[in-house]
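There are 2 protein chains.
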Amino acid sequence: MPLTLYQASIPVFIRGFTNLSAVLEKAKAHAAANNIDLATYVNARLAPDMYPLSGQVQSASDAAKFAAARLAAITAPSFADTETTFDELQARIAKTLDFLKTVSEEQINARAGGQVTLKIRGKEMTFDCEPYLLNFALPNFFFHVTTAYDVLRNQGVPLGKMDYLGSF
Amino acid sequence: MPLTLYQASIPVFIRGFTNLSAVLEKAKAHAAANNIDLATYVNARLAPDMYPLSGQVQSASDAAKFAAARLAAITAPSFADTETTFDELQARIAKTLDFLKTVSEEQINARAGGQVTLKIRGKEMTFDCEPYLLNFALPNFFFHVTTAYDVLRNQGVPLGKMDYLGSF
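Sequence lines, in order, name chains A and B.
Going by our numbering, the first sequence wraps up at 168, each residue one higher than the last.
Going by our numbering, the second sequence wraps up at 336, each residue one higher than the last.
Same shape as in the complex, but just chain A (with noise of 0.2 Å):
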């Protein structure tokens, strides 16, 4: 089975996700038993500059979004980043997840060796589809579904790195 650039990318995503959704809905419970207001996690941050979960996990799902349909060559949807609460949150890792299952092998696949062209603070760049995927998308996606889990587990979310990672 040699390594596809679909492979590679939106079952990646799809996978942080679906762990990511895990990890929320675990703060929700930690959360409703210990009386926390879900709006301290949801506005929570590592430093003033850094965005706070909702701002991460909007992030990720406009790495996940953007990637995807860079790499297959398609319009992303719009997501406006208005999420307030953990059941908005959780809608837009969902309209997220909808997204990336509508966009096939065979689209993605078409698109090994061809280019993307994006924006990197202001600077117009091309890539080949390969190193964008490995050196700008993944570890951009990766970045933010992390800093949300180190934000919940920095507010005392008891959190292990196997909720991350998922199951096997």
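There may be inaccurate statements among the hints.
To be verified - Heads up, simulated DMTMM-like pairs for lysine to aspartate or glutamate below, C-alpha to C-alpha not over 25 Å straight-line:
1) A:K28 - A:E105
2) A:K65 - A:E25
3) B:K269 - A:D128
4) B:K329 - A:D49
5) A:K101 - B:D249
6) B:K329 - A:E124
7) B:K263 - B:E193
8) B:K291 - A:D163
9) A:K101 - A:D87
10) A:K161 - B:D331
11) B:K194 - A:D81
12) A:K161 - B:D296
13) A:K65 - A:D128
14) B:K329 - A:D81
15) A:K161 - B:D249
16) B:K233 - A:D163
17) A:K123 - B:D331
18) A:K101 - A:E88
19) A:K161 - B:D217
20) B:K263 - B:E273
21) A:K28 - B:D217
22) A:K119 - A:D62
23) A:K119 - B:D331
24) B:K329 - A:D62
25) A:K123 - A:E105
26) B:K329 - A:D128
27) B:K329 - A:D163
28) A:K65 - B:E193
29) A:K161 - B:E292
30) B:K196 - A:D49
31) A:K161 - B:D230
32) A:K26 - B:D217
33) A:K65 - A:E105
34) B:K287 - A:D128
Stated by the list, open to error - What the simulated footprint calls covered on chain B by chain A, stretch by stretch (three residues with Cβ under 8 Å from a Cβ of chain A suffice, anywhere in the stretch; the number is not a length):
35) 170-181
36) 211-224
37) 286-293
It is worth saying that the hints were derived from the structure and are not from the lab.
As the structure is a computational prediction, the values presented were derived from the model and not from experiment.
Even for Gly, the Cβ is constructed at its ideal location relative to N, Cα and C.
With the hints as your guide, set chain B onto chain A.
Okay, now just chain B, sitting in the frame of chain A:
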């Protein structure tokens, strides 16, 4: 240019560590400019039961070296987790990079479609090389690199996501 098992592993780990090394350098410079004891950063953590910065760097090193060794079907070098200073953490990264650079494209790509066996939570599990890399090794590596970055951000070190992603 099709995606290879090598391309999706060794150069990704090398790039991640090169960026992490630069992140540590920025933290060191910030500490020096602000009279902060570097030991504060080395021992800082986001939750009482999470590894401090030193453990995050050691875990990133282990994640990459074991992934490389399992994929290449060779033995990973043994590194004692004894680092307690920034210089020692940089040396750990350098040693890990040295090992990663000894693993050849041919060694890894010859293993496409092969299997790896590892213990997860004490349970021996066998995976095909590709899902092992995509579902376990890469997310695990980025988890520790991101958390090292998050610890430093939480300590007030001025960093941006491009420090983590590296230059393009």
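Hint-by-hint comparison with the structure:
no. : hint            : in the structure
1   : A:K28 - A:E105  : 34 Å, violated
2   : A:K65 - A:E25   : 22 Å, holds
3   : B:K269 - A:D128 : 23 Å, holds
4   : B:K329 - A:D49  : 11 Å, holds
5   : A:K101 - B:D249 : 42 Å, violated
6   : B:K329 - A:E124 : 18 Å, holds
7   : B:K263 - B:E193 : 17 Å, holds
8   : B:K291 - A:D163 : 16 Å, holds
9   : A:K101 - A:D87  : 21 Å, holds
10  : A:K161 - B:D331 : 24 Å, holds
11  : B:K194 - A:D81  : 31 Å, violated
12  : A:K161 - B:D296 : 21 Å, holds
13  : A:K65 - A:D128  : 18 Å, holds
14  : B:K329 - A:D81  : 19 Å, holds
15  : A:K161 - B:D249 : 19 Å, holds
16  : B:K233 - A:D163 : 23 Å, holds
17  : A:K123 - B:D331 : 16 Å, holds
18  : A:K101 - A:E88  : 20 Å, holds
19  : A:K161 - B:D217 : 11 Å, holds
20  : B:K263 - B:E273 : 19 Å, holds
21  : A:K28 - B:D217  : 20 Å, holds
22  : A:K119 - A:D62  : 14 Å, holds
23  : A:K119 - B:D331 : 17 Å, holds
24  : B:K329 - A:D62  : 15 Å, holds
25  : A:K123 - A:E105 : 30 Å, violated
26  : B:K329 - A:D128 : 21 Å, holds
27  : B:K329 - A:D163 : 24 Å, holds
28  : A:K65 - B:E193  : 33 Å, violated
29  : A:K161 - B:E292 : 18 Å, holds
30  : B:K196 - A:D49  : 20 Å, holds
31  : A:K161 - B:D230 : 15 Å, holds
32  : A:K26 - B:D217  : 17 Å, holds
33  : A:K65 - A:E105  : 15 Å, holds
34  : B:K287 - A:D128 : 36 Å, violated
35  : 170-181         : holds (count 8)
36  : 211-224         : holds (count 3)
37  : 286-293         : holds (count 3)
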